[in-house]
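Each chain, letter by letter, is given below.
There are 2 protein chains.
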Amino acid sequence: MVAHTVLLDFTVPTNQILDIEKQANLKSNITNVLKEHLVGLKHLTESSIDGSLVILFSGPKSSLITVRGYTEGLVTVNIEYYKPDDEEALLSFESARDLETALQAVTSATRSHTLTPIKRGGPFERYFPTADERLLEYDIDKLVFEARSPYQKVQIVHSKSLGNMLILDELQNMSEADLIYSETLMQRGKECYEDKEIVILGGGDGGLLWELLKENPKRVTMLEIDDVVIKACSQYMRSVCGDCLDKRITSKYEIIVGDCVIALNHMINEGHQVDYVFGDLTDIPISTAPHGDAWDFIRLILNSSMKVLKPTGKYMTHGNGASCPKSLKMYEEVLSQLCVPVKFTKDEAFIPSFFEVWIFYQVSLK
Amino acid sequence: MVAHTVLLDFTVPTNQILDIEKQANLKSNITNVLKEHLVGLKHLTESSIDGSLVILFSGPKSSLITVRGYTEGLVTVNIEYYKPDDEEALLSFESARDLETALQAVTSATRSHTLTPIKRGGPFERYFPTADERLLEYDIDKLVFEARSPYQKVQIVHSKSLGNMLILDELQNMSEADLIYSETLMQRGKECYEDKEIVILGGGDGGLLWELLKENPKRVTMLEIDDVVIKACSQYMRSVCGDCLDKRITSKYEIIVGDCVIALNHMINEGHQVDYVFGDLTDIPISTAPHGDAWDFIRLILNSSMKVLKPTGKYMTHGNGASCPKSLKMYEEVLSQLCVPVKFTKDEAFIPSFFEVWIFYQVSLK
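As they're listed, the protein sequences go chains A and B.
With this note's numbering applied, the first sequence corresponds to residues 180 to 545, in that order.
With this note's numbering applied, the second sequence corresponds to residues 180 to 545, in that order.
Heads up, a few of these hints could be off.
Where chains are identical, the list cannot tell them apart; a pair therefore holds if satisfied intra-copy or between any two copies.
[Said to hold, decoys possible] Subject to a maximum C-alpha distance of 27 Å in a straight line, what follows is the list of computed DSSO-like cross-link-like pairs (lysine-lysine): (1) Lys397 / Lys262; (2) Lys240 / Lys214; (3) Lys410 / Lys332; (4) Lys262 / Lys298; (5) Lys369 / Lys522; (6) Lys339 / Lys508; (7) Lys369 / Lys397; (8) Lys201 / Lys240; (9) Lys201 / Lys397; (10) Lys206 / Lys369; (11) Lys505 / Lys262; (12) Lys505 / Lys339; (13) Lys431 / Lys240; (14) Lys298 / Lys505; (15) Lys221 / Lys206; (16) Lys393 / Lys426; (17) Lys339 / Lys426; (18) Lys431 / Lys489; (19) Lys206 / Lys240; (20) Lys262 / Lys201; (21) Lys522 / Lys214; (22) Lys369 / Lys201; (23) Lys545 / Lys525; (24) Lys525 / Lys339; (25) Lys545 / Lys339; (26) Lys375 / Lys545; (27) Lys486 / Lys321.
Just so you know, the hints here were simulated from the structure itself, not pulled from any lab data.
None of these values were measured; they are calculated from a predicted model.
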C-alpha cells in the first residue's frame with residue numbers, strides 16, 4: 180500500500196501563462212482534458228504565486244491533481260492518490276502517457292514528459308541516489324530485516340535483480356551481486372595476501388573479510404562499530420560473507436566490535452604494524468568520537484592508518500563514484516597532505532548495485 | 180532552467196490523521212517545521228478530500244508546498260519551484276534530508292524518505308523507464324540532436340557516463356556504451372557470418388550492421404523505415420556505427436529505407452532466402468501498414484522472416500528485460516505458434532544504458 184505520485188510536465192510558449200486571455204484558455208483546455216481522463220474531476224481551488232498559476236482538483240480514488248503554470252513557460256501536472264495493493268492504479272505509465280499526449284496537444288507544448296508513477300510509503304524504500312545524486316528506482320520487493328542500532332538505521336531489503344541489499348540510513352550500501360566491489364577494493368590477482376597481516380576498518384557486511392580469508396593471510400583484524408550490521412549480514416547476506424561473521428575469533432581472524440579510531444590509537448601506542456589496512460567505512464562517518472566534518476574524519480583515519488603500516492604496507496580503500504570528480508580530487512588533495520608523504524594508484528569497476536563506476540585507491544608510503 | 184519537485188513522505192500512526200485533535204496538532208507541528216526551513220512560508224489554503232488532509236503553502240523562490248495526510252497513515256510533502264540555472268537550489272538533497280529529519284520527529288513517523296530533487300522541463304529529458312517501468316535518472320547533460328520524423332521523435336542526448344544516446348519517442352534506445360548489445364544480439368564468437376547472406380529488420384542506429392561487416396559476410400541488407408534515425412546516428416553515434424551509414428549501397432551491404440514488412444513480402448514472392456534475419460526493430464512497432472497490436476506485429480514479422488530463411492537459417496532478435504518474465508513467456512508462446520515449427524536458444528547480457536539484463540533469442544527452423 181503506497182501513494183502514487185504521477186508527474187507530467189509541458190514546455191509551453193510563455194505567453195500561454197503571461198497573457199491573461201491565453202491563460203484563461205489554457206486553464207479551460209487543461210481542465211477539459213483532465214475531465215476526460217479522470218472521471219469525476221472537481222475543481223477545488225485556484226491561486227497564483229508571484230504570477231504563476233496554481234489550480235487544484237480532486238479526482239477519482241480521492242486523488243489530488245495540482246496544475247502549476249510557471250511564467251517561464253512550463254506547466255507541471257502532479258496527480259497523487261493512495262493505492263491499496265488490491266486496487267488497480269488510477270494511472271499506469273501507459274495511461275499517463277496518453278494523458279500527456281492529450282495535454283500536449285491542447286497546451287501547444289513544444290516538449291512534454293511523463294515519469295513512471297512514483298511510489299511513496301510502504302514497508303521499504305525503492306529509491307536511492309547515485310553518488311551524483313541522481314534518482315534510481317530499484318526493483319525492491321521485500322523488507323528482509325530492519326533495526327535501529329545505536330549508530331544508524333540498518334535494513335536489508337530484497338531486490339529482484341541484485342538479491343539482498345544492505346541499506347544504512349536509507350543509503351544503498353552493498354548487495355549480493357557486488358563481489359566485484361570486494362575484488363576491486365582488495366585488487367584480487369594484483370596483491371598477494373598470503374601470510375600477510377591485515378586490518379579492516381569497518382567492513383561490517385563481511386564481504387571483504389570473506390574474500391581476504393580465501394587468500395590465506397596470516398591474520399585479519401576487523402574493526403566494526405556496529406554489531407547490528409554484523410548480525411544482520413551474517414544472517415541475510417551469506418552469499419557475501421559466508422560463515423565468517425558467525426565467529427568473532429578464530430586462528431585466522433578476529434572481529435572487534437568497537438570504534439576503529441580507538442583501536443588504531445591502541446595499535447599506534449603499541450607500535451603494532453601490519454601489511455595492509457583497508458578503509459571500508461561508510462561514506463558518512465559514524466564514530467563514537469566525532470571529529471568535525473567528513474573530511475576531517477577521513478584525514479584522521481588516513482593519518483592513523485599510515486602509522487600502523489609497515490614501510491612496505493598499503494592502505495586500500497574505496498573513493499567515490501566516477502561521476503564525482505570534485506570529490507575524488509578533494510580526496511587526492513587530502514592524500515597529498517598527510518603526516519607522511521604517500522603515493523597512490525587507482526582502479527575502477529562498475530558496481531552492479533550502485534549502477535555506476537566506482538573508484539578505488541591503493542595508497543603506499545613514499 | 181528546470182522546475183524542481185522535492186518529494187518527502189512519512190509513515191505516521193493513522194490516528195494522527197483520523198483523530199481531529201491529533202490532526203490539528205500534526206498540522207501545526209508540520210507548519211512550524213516548514214516555517215523554520217522555508218523562510219517566508221505562507222499558508223495558502225486548506226482542504227479535505229474524502230477525509231484526507233490537504234494543506235497548501237507558498238514559500239521562498241515562489242515555491243508551492245503541498246502537504247497531504249492520508250487516512251491510511253501517510254503524510255506526503257511536495258515542494259515545487261522554478262530554478263534558474265544561475266540560482267542555488269532552494270533545497271539540495273542534503274537540506275531536504277535535514278527537513279525530513281525535523282518533520283519525522285514532529286510527526287511521530289515510524290519511517291520517512293526523501294527523494295533526490297526531480298528536475299522537470301529543460302531542453303532534454305533525464306528520466307527514462309526500465310522494462311519493468313522503474314524510474315531511472317540518467318546523467319544527461321546535453322541535447323545533441325532533435326527532430327520529429329514521420330514516424331517518431333528522434334533525439335540524441337549526451338550522457339556523462341554512457342556517451343551519446345539515441346532516444347526514440349522519449350524511450351531510451353541505444354548508447355555509445357552498448358557494444359555488448361550488438362555482440363549478444365549477433366552472438367559474436369558463436370555464430371559464423373563469413374560469406375553469409377544477412378537481412379537486418381530495423382537497426383537504424385547502424386551498430387549491428389557495423390559489427391556484422393567486421394565478420395566478412397557475403398552481403399547484408401538493412402531495412403530501416405526511418406531515415407532521420409539513420410542520418411542522426413551516422414552523424415552523432417559514429418563510435419557505434421562507424422562509417423557504415425554514410426553510404427546506402429556498397430558491394431558488401433545495402434541500406435533500404437522503407438517498411439520492412441513490404442520488403443519481406445517482396446523477398447517471399449521472389450523466393451529469395453538468406454542465412455540470417457535480425458529482428459532489430461523498436462519494441463513499439465512503427466510500420467506504414469499497422470497490423471493490430473504489438474504482438475500481432477511481432478507475429479507477422481516472425482512468420483514473414485521464417486519464410487525468407489534457408490532451412491539452415493537463423494532469426495536473431497532481442498526479447499525484453501529479464502525483469503519482465505511474463506512478456507518473455509508471451510514471446511516464447513508466439514514462437515511456438517508460428518506458421519512453421521521452430522526451436523530457439525536464449526542468451527542474456529547486462530546492457531549498460533538499460534541498467535538491466537536483457538534477453539536475446541536465436542530462432543531456427545525445426
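Here is how each hint holds up against the structure:
1. In this assembly of identical chains, the alpha carbons of Lys397 and Lys262 never lie at most 27 Å apart, being 56 Å within a copy and 57 Å across copies at closest.
2. Taking the closest pair of Cα atoms, Lys240 and Lys214 come within 27 Å of each other only inside a single copy of the chain (14 Å); across copies the shortest separation is 31 Å, beyond that limit.
3. With identical chains, the CA atoms of Lys410 and Lys332 are at most 27 Å apart within one copy only, with a shortest distance of 14 Å there and 52 Å across copies.
4. In this assembly of identical chains, the alpha carbons of Lys262 and Lys298 lie at most 27 Å apart whether taken from the same copy (9 Å) or from different copies (24 Å).
5. For the identical chains of this complex, Lys369 and Lys522 are intra-copy neighbours only, at 17 Å inside a copy versus 45 Å across copies, given an alpha-carbon limit of 27 Å.
6. Proximity of Lys339 to Lys508 under the C-alpha cut-off of 27 Å is restricted to the inter-copy arrangement: shortest distance 18 Å between copies versus 35 Å within a copy.
7. For the homomeric pair Lys369 and Lys397, the shortest alpha-carbon distance inside one copy (18 Å) is at most 27 Å, but the shortest distance between copies (44 Å) is not.
8. For the identical chains of this complex, Lys201 and Lys240 are inter-copy neighbours only, at 25 Å across copies versus 31 Å inside a copy, given an alpha-carbon limit of 27 Å.
9. Proximity of Lys201 to Lys397 under the C-alpha cut-off of 27 Å is found in neither arrangement, the shortest distances being 78 Å within a copy and 61 Å between copies.
10. With identical chains, the CA atoms of Lys206 and Lys369 are never at most 27 Å apart, being 65 Å at best within one copy and 59 Å at best between copies.
11. Taking identical chains as interchangeable, the C-alpha atoms of Lys505 and Lys262 lie at most 27 Å apart only when they sit on different chains, with a minimum of 23 Å there against 41 Å within one chain.
12. Proximity of Lys505 and Lys339 under a CA criterion of 27 Å is satisfied inter-copy only: 15 Å between copies versus 33 Å inside one chain copy.
13. Neither within a single protomer nor between protomers do Lys431 and Lys240 lie at most 27 Å apart by alpha-carbon distance, with minima of 60 Å and 59 Å respectively.
14. In the homo-oligomer, the alpha carbons of Lys298 and Lys505 lie at most 27 Å apart only across protomers (22 Å), although the nearest pairing inside one protomer, at 32 Å, exceeds that limit.
15. Taking the shortest Cα distances, Lys221 and Lys206 sit within 27 Å of each other both inside one copy (14 Å) and across copies (24 Å).
16. With identical chains, the CA atoms of Lys393 and Lys426 are at most 27 Å apart within one copy only, with a shortest distance of 16 Å there and 55 Å across copies.
17. Proximity of Lys339 to Lys426 under the C-alpha cut-off of 27 Å is found in neither arrangement, the shortest distances being 30 Å within a copy and 44 Å between copies.
18. For the identical chains of this complex, Lys431 and Lys489 are intra-copy neighbours only, at 20 Å inside a copy versus 63 Å across copies, given an alpha-carbon limit of 27 Å.
19. In this assembly of identical chains, the alpha carbons of Lys206 and Lys240 lie at most 27 Å apart whether taken from the same copy (23 Å) or from different copies (23 Å).
20. Taking the shortest alpha-carbon separations for Lys262 and Lys201, only the inter-copy value of 24 Å comes in at or below 27 Å, while the best intra-copy value is 36 Å.
21. Taking the shortest alpha-carbon separations for Lys522 and Lys214, neither the intra-copy value of 66 Å nor the inter-copy value of 49 Å comes in at or below 27 Å.
22. Neither within a single protomer nor between protomers do Lys369 and Lys201 lie at most 27 Å apart by alpha-carbon distance, with minima of 68 Å and 62 Å respectively.
23. Proximity of Lys545 to Lys525 under the C-alpha cut-off of 27 Å is restricted to the intra-copy arrangement: shortest distance 16 Å within a copy versus 52 Å between copies.
24. In this assembly of identical chains, the alpha carbons of Lys525 and Lys339 lie at most 27 Å apart only when taken from different copies (20 Å versus 32 Å within one copy).
25. Within a single copy, Lys545 and Lys339 get their C-alpha atoms no closer than 46 Å, and across copies no closer than 34 Å, so neither meets the 27 Å cut-off.
26. In this assembly of identical chains, the alpha carbons of Lys375 and Lys545 lie at most 27 Å apart only when taken from the same copy (20 Å versus 59 Å across copies).
27. With identical chains, the CA atoms of Lys486 and Lys321 are never at most 27 Å apart, being 44 Å at best within one copy and 46 Å at best between copies.
The earlier numbered hints that this structure contradicts are 1, 9, 10, 13, 17, 21, 22, 25 and 27.
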